[in-house]
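Trainee: Here is what each chain is made of, one letter per residue.
2 protein chains.
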Amino acid sequence: MTATSGPRPVRAARGTSITAQGWQQEAALRMLMNNLDPEVAEHPDELVVYGGTGKAARNWPSFDAMVRTLQTLKNDETMLVQSGKPVGVMQTHEWAPRVLLANSNLVGDWANWEEFRRLDALGLTMYGQMTAGSWIYIGTQGILQGTYETFAAVAAKKFNDTLAGTITLTAGLGGMGGAQPLAVTMNGGVAICVDCDERSIDRRVEHRYLDVKANSLDHALQLATEARDKREALSIGVLGNAAELVPRLLAMDAPIDIVTDQTSAHDPLAYLPLGMDFHDMKQFAKDKPAEFTQRARESMAKHVEAMVGFQDKGAEVFDYGNSIRGEAQLAGYTRAFDFPGFVPAYIRPLFCEGKGPFRWAALSGEASDIAKTDKAILELFPENESLARWIKMAGERVHFQGLPARICWLGYGERDKAGARFNDMVADGTLAAPIVIGRDHLDAGSVASPYRETEAMADGSDAIADWPLLNAMVNVASGASWVSIHHGGGVGMGRSIHAGQVTVADGTKLAGEKVRRVLTNDPGMGVIRHVDAGYDRADEVADERGVRVPMREGDA
Amino acid sequence: MTATSGPRPVRAARGTSITAQGWQQEAALRMLMNNLDPEVAEHPDELVVYGGTGKAARNWPSFDAMVRTLQTLKNDETMLVQSGKPVGVMQTHEWAPRVLLANSNLVGDWANWEEFRRLDALGLTMYGQMTAGSWIYIGTQGILQGTYETFAAVAAKKFNDTLAGTITLTAGLGGMGGAQPLAVTMNGGVAICVDCDERSIDRRVEHRYLDVKANSLDHALQLATEARDKREALSIGVLGNAAELVPRLLAMDAPIDIVTDQTSAHDPLAYLPLGMDFHDMKQFAKDKPAEFTQRARESMAKHVEAMVGFQDKGAEVFDYGNSIRGEAQLAGYTRAFDFPGFVPAYIRPLFCEGKGPFRWAALSGEASDIAKTDKAILELFPENESLARWIKMAGERVHFQGLPARICWLGYGERDKAGARFNDMVADGTLAAPIVIGRDHLDAGSVASPYRETEAMADGSDAIADWPLLNAMVNVASGASWVSIHHGGGVGMGRSIHAGQVTVADGTKLAGEKVRRVLTNDPGMGVIRHVDAGYDRADEVADERGVRVPMREGDA
Ligand SMILES: NC(=O)c1ccc[n+]([C@@H]2O[C@H](COP(=O)([O-])OP(=O)(O)OC[C@H]3O[C@@H](n4cnc5c(N)ncnc54)[C@H](O)[C@@H]3O)[C@@H](O)[C@H]2O)c1
Ligand SMILES: NC(=O)c1ccc[n+]([C@@H]2O[C@H](COP(=O)([O-])OP(=O)(O)OC[C@H]3O[C@@H](n4cnc5c(N)ncnc54)[C@H](O)[C@@H]3O)[C@@H](O)[C@H]2O)c1
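Residue numbers (our numbering), protein chains in the order written: chain F, 1 to 556; chain D, 1 to 556.
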């Protein structure tokens with residue numbers, strides 16, 4: 001180890017030769033590095049992985065110290081990470097996680113951007129987003145499956161199970177938002193995607209997530225209507241400010257069927273205000289954060305007002321988890337919450353089954369390992385058609401970024417089966433190296449987020465944050481390899497608390513037992529959270545699949 | 001088990017015959033019940049243990065379900081408790097805690113009393129305080145040691161190591177505040193203690209924490225000055241509203257040397273407003289919470305203004321962790337923060353050594369078990385004089401409430417030794433039954449609370465809440481028997497996040513290993529938290545006692 005303390009290209013090791021004391025530690029090391037791989041991270045030099053400012057390490061000296069510590073960490077030791085900086089190493093035991101992380105957490109009355117930025121400037125914290133600071137970001141594919149599922153649900157709800165013949169309007173082609181065009185076309189539809197950063201557009205074209213770049217808004221609309229009329233799938237990027245172009249399309253009476261948005265609205269310093277040149281944005285945000293915030297919020301109000309306008313005309317409109325409604329409301333726009341968030345609209349029924357973004361990566365670095373796991377998934381769940389469709393399309397269309405990885409949504413009673421199978425495949429040599437199994441913090445029972453995952457809960461318990469904390473603790477208690485608790489995530493300071501876990505299937509018997517427990521208990525939190533909130537579907541799942549809920553057990 | 005679902009007297013079982021599947025579960029069962037023992041709890045029928053509204057269980061059906069679940073819980077199962085209600089049982093492993101609890105946690109923007117009360121009224125949460133919802137409250141002794149240490153530090157700072165010849169003025173003789181008179185007299189001083197509830201005064205007299213009850217303020221002052229002049233220790237209770245009596249004493253130019261307060265100011269619905277009769281208080285708070293809050297805050301402003309007045313005249317004045325300064329400020333009093341909190345003033349140097357409120361209880365129910373552990377402590381740390389003085393005085397003066405218990409402040413490298421010794425004493429039959437070892441959430445590395453434990457941190461990191469979350473996770477990972485994460489505690493909604501652990505020394509080899517790890521890592525969090533914040537004393541402790549801090553380990 002040299003004590004380099006500045007930016008440099010980082011890429012995880014591949015293959016079976018390891019530099020740590022065991023695969024659990026090696027996995028953490030590789031996944032930390034993989035998050036910063038230039039193929040994966042949005043701004044690797046600044047340690048920014050995705051979501052505006054979501055980082056994998058607080059600064060380069062912290063990165064170096066984590067690497068050094070992970071390489072010497074024993075099988076009964078645990079490294080503690082406080083907002084991207086390693087602060088301790090303690091003796092635990094072999095069932096314990098090797099790494100525990102807490103990122104961006106602030107006491108309630110101080111849980112705002114102003115205090116966060118003050119602390120960030122002092123070097124005392126970092127923004128962890130959901131999978132950036134917890135080392136399980138796998139590039140745009142991560143959100144692609146969720147986005148695919150969401151648009152499939154929109155199609156099921158309003159358009160006879162297909163988006164063919166419809167036009168979707170959205171904005172934001174960044175780390176998460178870049179999945180939207182492909183998710184729409186995978187569902188047969190046409191998408192117009194606005195972004196103010198030409199590089200975001202070009203990058204999605206290069207990765208085949210986006211089909212074409214239009215020269216102008218008129219050009220985009222023309223391409224869109226032509227494809228729609230032929231019921232062809234097509235995704236179109238167009239350069240511009242969404243706060244300008246979305247109202248313009250409304251004024252033009254453009255035939256839009258579905259409207260959403262994934263600009264980085266959760267952070268008002270990352271949303272381009274009206275009338276500002278994209279290239280001046282960064283400097284302006286730095287020099288005059290208060291003025292920038294005010295202008296960004298006012299622009300978002302215009303943007304959201306136009307979205308409501310489309311809804312008034314009959315379009316299907318939803319907030320895609322970036323808090324744009326909340327920001328527009330702060331700017332004084334009163335109808336901001338007229339359209340719903342995507343979770344209550346489409347995702348909650350899945351959460352009742354403990355379903356959520358199950359994902360895994362091949363530490364071998366070999367694409368063939370993922371192909372083999374894809375096959376295993378198809379064999380394990382032959383009756384699940386939409387899963388099969390996704391796995392097939394993903395195999396064809398998804399461009400790996402960094403270590404080869406796969407995601408699919410699995411529920412309670414499914415994830416543990418998949419994990420156990422993967423561990424067996426490592427044990428018997430089918431796979432070239434261990435598999436890392438994790439998930440997004442956006443999951444069935446791992447997040448409290450009243451503008452997104454827990455919006456409009458049936459019992460009004462949206463803001464109760466006990467659940468993600470129990471989720472983290474039960475994952476620590478079940479044998480996860482690393483566990484994290486974050487604040488803010490995709491919706492920003494003061495708006496969410498969420499937890500994540502990653503568990504390494506290294507082919508050992510112990511790993512098999514850990515995988516089975518973690519991948520039962522982790523989605524189990526989703527089932528019990530929704531049982532507690534009064535969802536009938538969750539009750540059914542608990543009954544059918546044997547999830548224990550003490551208040552439902554009596555003496556009778 | 002009968003399905004009684006209403007109030008009834010609860011008392012923990014004693015002795016070695018157990019109804020649960022093992023001592024770890026039995027310990028949780030007994031400590032839950034012990035928290036509700038009429039000798040221990042302030043309002044057992046309402047499940048309220050202490051601190052205004054701090055509860056051990058959400059409601060009686062939840063209590064019944066927890067008892068039922070604990071009695072059948074296996075050695076590799078874990079019960080999950082969400083704000084006093086059991087919500088799940090999951091398979092974990094034998095190193096895992098048997099219970100995981102999260103109480104009163106809310107997402108930042110909703111972390112206020114209004115939302116909490118709305119959710120509480122819906123039956124969706126409860127207030128856990130610090131040791132109420134985490135089942136390790138041991139009655140007034142719990143706070144006595146901390147209060148004793150604090151007044152000893154005041155004496156050391158300003159009065160030549162003794163309070164003899166001084167008068168302390170305080171208010172609040174409730175669950176926590178009731179320790180003040182005895183702590184002052186143990187330090188040789190005179191205390192005048194105001195409370196508006198005659199029962200609080202009578203109870204402290206009955207338990208010998210308070211020496212006498214005065215007939216009037218004048219009488220109290222007369223008794224106080226007489227005792228002070230003779231340099232005798234004396235504690236005097238006086239009935240009345242502190243918001244009236246403290247300003248009155250200031251106006252009278254009473255010769256007060258030290259002023260503090262422990263009314264339940266953290267909850268503005270539990271502080272008696274000026275001009276309201278004590279007997280109307282409860283109903284009024286229920287009927288008109290907003291008006292009550294406003295009046296309570298205005299009264300606190302008067303109370304705090306008088307405290308500042310005493311400080312202006314040269315008295316030693318400090319906030320004793322009940323947020324009264326914050327509430328007074330909310331009422332518009334601008335000098336509220338002119339006097340410091342007790343932690344930066346007296347306690348932080350102890351936190352740098354990982355020192356904090358180590359406590360234990362004898363599951364046998366036998367006082368002789370505690371006497372034996374007292375002796376063990378004196379043998380283990382013969383060089384620590386103030387510890388010896390405390391243990392001796394506590395043995396003579398402390399009236400046990402519920403299961404016999406002891407508390408003393410021990411630091412990094414001490415707690416593990418004490419825990420291991422206790423476990424040996426259970427193993428070899430010296431003690432009649434296992435010992436439960438826990439602590440207050442108010443500890444060196446387990447709390448983020450900018451108005452109390454983390455007020456005025458050297459690096460400005462007061463509001464960073466990563467630390468208590470890491471503390472909880474590392475305790476889960478080290479073998480604690482139950483672990484809890486709470487919000488609010490002694491300072492109220494939005495103002496703190498804190499964690500607790502309890503570990504059972506049942507005499508087995510496994511328990512011995514767990515005890516050693518937990519009681520090393522738990523205070524270790526205090527050391528690394530203060531190393532990170534830049535305290536030299538913490539650096540020294542880390543060096544001397546071998547606490548690993550990755551950023552201090554280099555290649556050189
Ligand atoms: N729905 C979900 O499940 C989910 C999950 C994670 C994150 N999110 C949220 O989605 C949002 C996008 O995340 P991301 O990782 O893609 O962020 P990102 O920062 O990588 O990308 C944001 C994109 O928006 C563009 N943009 C900013 N202002 C704009 C404007 N006024 N007009 C047009 N384009 C503009 C930027 O140029 C950038 O390309 C974030 O708010 C994130 O928190 C949602
Ligand atoms: N310093 C610490 O370490 C620490 C620890 C825990 C709690 N606390 C805080 O200390 C405070 C007291 O806790 P507690 O458990 O004793 O609470 P409690 O509710 O048991 O007792 C409060 C007492 O204050 C009295 N009171 C209320 N308003 C009054 C008024 N206007 N004038 C005179 N008396 C009044 C009540 O009658 C009651 O006896 C709380 O705010 C608590 O959060 C401090």
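Everything labelled a hint here was simulated from the structure, so no lab data went into it.
Mixed in with the good hints there might be a few duds.
[As the list claims (entries may be wrong)] Taking CB as the label site, the calculated pair distances span: (1) ASP424(D) to GLY546(F): 48 to 54 Å; (2) GLU379(F) to GLN21(D): 35 to 41 Å; (3) GLU226(F) to GLY460(D): 37 to 43 Å; (4) ARG537(D) to ASP280(F): 43 to 49 Å; (5) LYS282(F) to LYS282(D): 55 to 61 Å; (6) GLU114(F) to ASP312(D): 29 to 35 Å.
[Said to hold, decoys possible] Computed footprint of chain D on chain F, listed as stretches where at least three residues anywhere in the stretch have a Cβ under 8 Å from a Cβ of chain D: (7) 173-179; (8) 400-412.
Note that beta-carbon positions come from the ideal geometry of N, C-alpha and C, so glycine has one too.
Trainee: Work down the list of hints and note, for each, if the structure agrees.
Mentor: Hints versus structure:
no.: 1; hint: ASP424(D) to GLY546(F): 48 to 54 Å; result: 41 Å, violated
no.: 2; hint: GLU379(F) to GLN21(D): 35 to 41 Å; result: 39 Å, holds
no.: 3; hint: GLU226(F) to GLY460(D): 37 to 43 Å; result: 58 Å, violated
no.: 4; hint: ARG537(D) to ASP280(F): 43 to 49 Å; result: 48 Å, holds
no.: 5; hint: LYS282(F) to LYS282(D): 55 to 61 Å; result: 57 Å, holds
no.: 6; hint: GLU114(F) to ASP312(D): 29 to 35 Å; result: 33 Å, holds
no.: 7; hint: 173-179; result: violated (count 0)
no.: 8; hint: 400-412; result: violated (count 0)
Taken one by one, the earlier hints fail for this structure at numbers 1, 3, 7, 8, listed in ascending order.
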